[in-house]
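Novice: Sequence:
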Amino acid sequence: MAAPGFWDNPEAAQPVVAKLKAAKSIVTPIVDLLARIEDARILYELAVEADSADDLDEADDQAVQLAGDLERLELRTLLAGEHDMGNCYLSVHAGAGGTESCDWAEMLLRMYVRYFERTGFAAELVDRVDGEEAGVRSATIHVKGAYAFGYLSCERGVHRLVRISPYDSAKRRHTSFAAVDVLPELAAVEIDIDWAKDVREDTFAASGPGGQHVNKTASGVRLTHLATHIVAQCQNERSQHKNRAEARKMLAARLYQHEQAKRDADLAKMYDQKGQIAFGSQIRSYVLYPYQLVRDERTELKDSHTDKVLDGDIQEFIDAYLRHRLNQ
Numbered sequence: 000m001a002a003p004g005f006w007d008n009p010e011a012a013q014p015v016v017a018k019l020k021a022a023k024s025i026v027t028p029i030v031d032l033l034a035r036i037e038d039a040r041i042l043y044e045l046a047v048e049a050d051s052a053d054d055l056d057e058a059d060d061q062a063v064q065l066a067g068d069l070e071r072l073e074l075r076t077l078l079a080g081e082h083d084m085g086n087c088y089l090s091v092h093a094g095a096g097g098t099e100s101c102d103w104a105e106m107l108l109r110m111y112v113r114y115f116e117r118t119g120f121a122a123e124l125v126d127r128v129d130g131e132e133a134g135v136r137s138a139t140i141h142v143k144g145a146y147a148f149g150y151l152s153c154e155r156g157v158h159r160l161v162r163i164s165p166y167d168s169a170k171r172r173h174t175s176f177a178a179v180d181v182l183p184e185l186a187a188v189e190i191d192i193d194w195a196k197d198v199r200e201d202t203f204a205a206s207g208p209g210g211q212h213v214n215k216t217a218s219g220v221r222l223t224h225l226a227t228h229i230v231a232q233c234q235n236e237r238s239q240h241k242n243r244a245e246a247r248k249m250l251a252a253r254l255y256q257h258e259q260a261k262r263d264a265d266l267a268k269m270y271d272q273k274g275q276i277a278f279g280s281q282i283r284s285y286v287l288y289p290y291q292l293v294r295d296e297r298t299e300l301k302d303s304h305t306d307k308v309l310d311g312d313i314q315e316f317i318d319a320y321l322r323h324r325l326n327q
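Note that the sequence shown covers residues 0 to 327 in numbering that gives the first Met the number 0.
Fair warning: there could be bad hints in the mix.
[To be verified] When the alpha-carbon atoms are kept at most 30 angstroms apart in a straight line, the in silico DSBU-like pairs for lysine-lysine are as follows:
#1 LYS23 x LYS261
#2 LYS248 x LYS23
#3 LYS20 x LYS241
#4 LYS23 x LYS170
Bear in mind the hints are in silico, worked out from the structure with no lab data behind them. Just so we're clear, the structure is a prediction, and the values are computed from it rather than from any experiment.
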């Protein structure tokens, strides 16, 4: 980065800067933890020499905190995938079931927004399609932060809700489904797209929650890849140019995932194995009636504090799945 002319091409410099930040995000916590461990060791020695119960208690408290921080760092070592350290797009799609499923999709969307607030991830809603009566049919959030894709890819799959429906006058129990998909944010060089020949662009009037128009111009952009019919759209900005740029990044990510899925399927056939389809598998159940329980179907982790989980406290499920995946 100190080389002459490095900053002459900001676009080419950006991936290098991103790699440096990613490397620092790995090294800095380790260096800090080692320094704190040394401080705790010295505090123990001084407490023993001074025969101070208060200092020993303080050292014990530090040791407990250090053990927790060490465990979190160890979990990060499990995030070694090609894109685990980077940003991502998280999408929620309502399943069959009309208003009930759309409402469940919005509950999941809120859960993830709360999770981003807890973890410090920056999140921006880039697309939202409302349900006819309530909730959302689909929504996509651009999530930025260290290891955003690595952590959130653990949430990919079908989420199931069991409750007494507030939309059923007979107060019957309903089961609803919503699917979560997570795509890595890719650098432009990672996938080659001829935007003029390979992609059809449509524009539309962007609208907000409840059908309110963000503006009266056709600022929303929908991109369709002609060969695969994969679609990406963005409508959160007033600027059509910004919406187009964001939609292109999303489409590139979806095409990359499509190519990865094709390669995985080919490998599965080659080795006569049954390929996993994570997006189509049910990963977690949220039961609000007749009892309250959140259960992860992959790890069998359970939590009866459903309100806490739906308020974004899902790190325990993510951590448990990372450990589970290591043993597969």
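Novice: Now tell me if each hint is right for this structure.
Specialist: Hint check results:
1. LYS23 x LYS261: Distance of about 34 angstroms is beyond 30 angstroms: violated.
2. LYS248 x LYS23: Holds, at about 25 angstroms.
3. LYS20 x LYS241: At roughly 25 angstroms apart (the allowed maximum being 30 angstroms), LYS241 and LYS20 satisfy the hint.
4. LYS23 x LYS170: Violated. LYS23 to LYS170 sits at ~54 angstroms, over the 30 angstroms cutoff.
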